[in-house]
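2 protein chains.
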Amino acid sequence: MKRTSRDIRTANRYEVLRQIIASSPTSRQELAAATGLSLATVATLVGELLELGMITEVGFEDSAGGRPRGLVAVNSSGGALIGVDIAETYVRVELFDLALTVLARADEDVRPGESRPEQVVAHVAAAVGSVVAQAGVEAARVLGVGVSVPGQVDRDGGIAEYAPNWDWHDVPLLDLLAEHIAYPLYLDNPLRACAVAELWFGAARGHGDAVVVNLGTGVGAGLVLGGGVHRGVSNSAGEWGHTTLVLDGRLCHCGNHGCVETYVGAPGIMLNLRELSPRSPLLHPEDQTATVRALADGVAAGDPVALKVVRDTARYLGAGIADLVNLLNPEVVVLSSWVASLLGEPLLDEVRASVARHALRRPLAATEIVLSPVPTDPVCLGAATFALEGALQSVGQRAAGKRAPTAKGRTAPPS
Amino acid sequence: MKRTSRDIRTANRYEVLRQIIASSPTSRQELAAATGLSLATVATLVGELLELGMITEVGFEDSAGGRPRGLVAVNSSGGALIGVDIAETYVRVELFDLALTVLARADEDVRPGESRPEQVVAHVAAAVGSVVAQAGVEAARVLGVGVSVPGQVDRDGGIAEYAPNWDWHDVPLLDLLAEHIAYPLYLDNPLRACAVAELWFGAARGHGDAVVVNLGTGVGAGLVLGGGVHRGVSNSAGEWGHTTLVLDGRLCHCGNHGCVETYVGAPGIMLNLRELSPRSPLLHPEDQTATVRALADGVAAGDPVALKVVRDTARYLGAGIADLVNLLNPEVVVLSSWVASLLGEPLLDEVRASVARHALRRPLAATEIVLSPVPTDPVCLGAATFALEGALQSVGQRAAGKRAPTAKGRTAPPS
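Those protein sequence lines, which keep their order, are chains Y and B.
Here the first sequence is numbered in the working numbering, starting from 209 and rising by one per residue.
Here the second sequence is numbered in the working numbering, starting from 209 and rising by one per residue.
Keep in mind the hints are simulated off the structure, nothing from the lab.
Warning: the hint list may mix true and false statements.
Unchecked claim - Partner residues are not named here, just some residues of chain Y that face chain B (Cβ under 10 Å, in silico):
(1) Gly416
(2) Asn443
(3) Ala504
(4) Val533
Said to hold, decoys possible - Derived Cβ-Cβ restraints for the label pairs, each shown as a range:
(5) Leu459/Y with Leu459/B: 19 to 29 Å
(6) Ala241/Y with His388/B: 41 to 51 Å
(7) Gly337/B with Arg569/Y: 34 to 44 Å
Bear in mind the structure is a predicted one, so any value in this text is a computation, not a measurement.
Glycine included, C-beta positions come from ideal geometry on N, C-alpha and C.
Looking at chain Y on its own, in the form it has when it is part of the complex (with noise of 0.2 Å):
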């Protein structure tokens, strides 16, 4: 999409509190210098955002022969804001203050036979009331509800088109949640939301050119370019879980075969180790999860059959990562989501190699490649993010008369 005056508005409002909730207390100054925008634009977005009541003044630092400096900080207790990560087995909903701290946490089990869409939105609803009362906060300063659903979403319309593990077409999710959520809602996919996280909070922040590498059961990668979250012209960018390692290679349930996503998704793992070792005691035929976990604790053990498959799947990996590198040319490549996390420097150690293998010199040598350094879960916090830049792009479209268009739900808190 091209980018507006009113985007770079945004992008900057975004751009200031982020430098705010990394380096709180801080001053106009500091944030001059550190984002590159002129002192009075920052005065302008610090205003807003006092008015707001997202931020606080606190005080005043000495300035070497002047005035002394007004300094601002996050106001945690200003508003909460709810993320909420719908995967394929469960439901997890976490309720955060404004410095992105966890108050408090839901999580619900979805048993095969319960993914309808009515079913997922019933647990949905349950775990965000469940945060909500534990939290104690009122229900006006709930900001809003960031809600990740894997697959294909149609942002604007807050409809999941495609989620491929529930075979969900078209489903009008927003609106079913909001006749059970009165709080604004927003929804993308969980590629967005750990961009969005790592862009705000992670190995993302600060740079203008990154790729978040999602591991998990479904693969795929979130953009950041130029500074800002790229979507494409329909939402749908990011799917180098889709793009062809294999020509011809293995059956992907796209439709494609050779896809990324079926040699370094945990069912791609999985297929690794069974086809070097079919009968290998690590592997947990319906258990992604204690399979990956499995390995890691064999990698650590120096099982032979375990390193081998890490070092496998990262010739994989690392082969679709340079192809990112030299596509993309990014600052930072970042290693997110559980697989990720479970498999860790092992894993990382040995894509840094296949990737150094595969990778044009120059690309490869302005490339950083690291794990996530997000401690909590990226999906949720990714997602109460898209709460957070909801509620700082309603700043501008309030000024000017209109609605939030990614908004859905009352904006009213519930009585």
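Based on these hints, arrange chain B on the given structure of chain Y.
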């Protein structure tokens, strides 16, 4: 790279001039409607362009009931731009007026054994002198010279970092050229030149997200994202030719195996033909152009071998383009450069079918695949546009008392 407010002002200046070139004569009101910018912003930018002499006032049109609206048009004779296409076997230089019409052209053959930087620079200098003399423009009217050189380029430093065909490493090309050429000089590579040509004058105009696939001896993708060219952190984005399509496939000169380029670059197409029919009369072993032209003629005549080679090539190409569609979700994919131009519609039809077999439904539905509509050498046109962009960028920077960072050489014309 992160975008700044200065970047957005420069991008707006580009957008307004682009629109004026496309639809002269036009009014400020029409420009505001076409670009989405405010009338005040358009009026400011039009004022700058008038002051630069790039556009002129050309009268008024009636507006129903209101004041007559002033019309502006591009001032074709307001300046000249030179584009240089340095290729493996030739140097082509074209001189354009400000409407980007070609006024003069000079070609120089680069014979084997003439590939030292000083030799290539001498060819460029001779051809630049020739086009200025042919067109009879005053040196003072030449706004700049854009130079395209294959491979990886340090744009700001004016350095050809790696040109694979000639094994150039870190050649300070703009400094060498500045010894002979007294106009402001701008360097980049053919991927960027073709992307800029499509963005200003071709199928990417008016689109936020577009991919320009370059099919020649080398292969790559110029990326237009968020309305501007995506260059990456070290100006090496777009190396799609060196993404893996067939893991452990054909050996590529980059050292990797199975790169897209080894299947769909001109030498890869020759190999597709040789593998199918080693003694085919279509094959001109030492001449890529003659072979691709023979294939095009063969397809037109219904030759089954030619048809099969184009279909095989399109199968690889379609899988690789589907990767771009799934990853970037662009509005348009443009096939550019000489191989695309020679193989034309028959290749396009097969590519569309192949992309449809490989891409995901949602991004596929949002994407058009087209042949480049640019009627002249897109590399020369794009290179000349580098000079136009440089002149527009230096407006803001002159105002801020700075010199265009990418322009090399004396900015005063020769006496």
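How the hints compare with the structure:
1. Gly416: Given a least distance of 4 Å, the restraint on Gly416/Y holds.
2. Asn443: holds, 7 Å
3. Ala504: With a minimum Cβ separation of about 25 Å from chain B (threshold 10 Å), the hint on Ala504/Y is violated.
4. Val533: holds, 9 Å
5. Leu459/Y with Leu459/B: 19 to 29 Å: holds, 27 Å
6. Ala241/Y with His388/B: 41 to 51 Å: Hint holds: Cβ distance 42 Å, inside 41 to 51 Å.
7. Gly337/B with Arg569/Y: 34 to 44 Å: Given range 34 to 44 Å: holds, Cβ gap about 36 Å.
Checked against the numbered hints above, the structure violates only hint 3.
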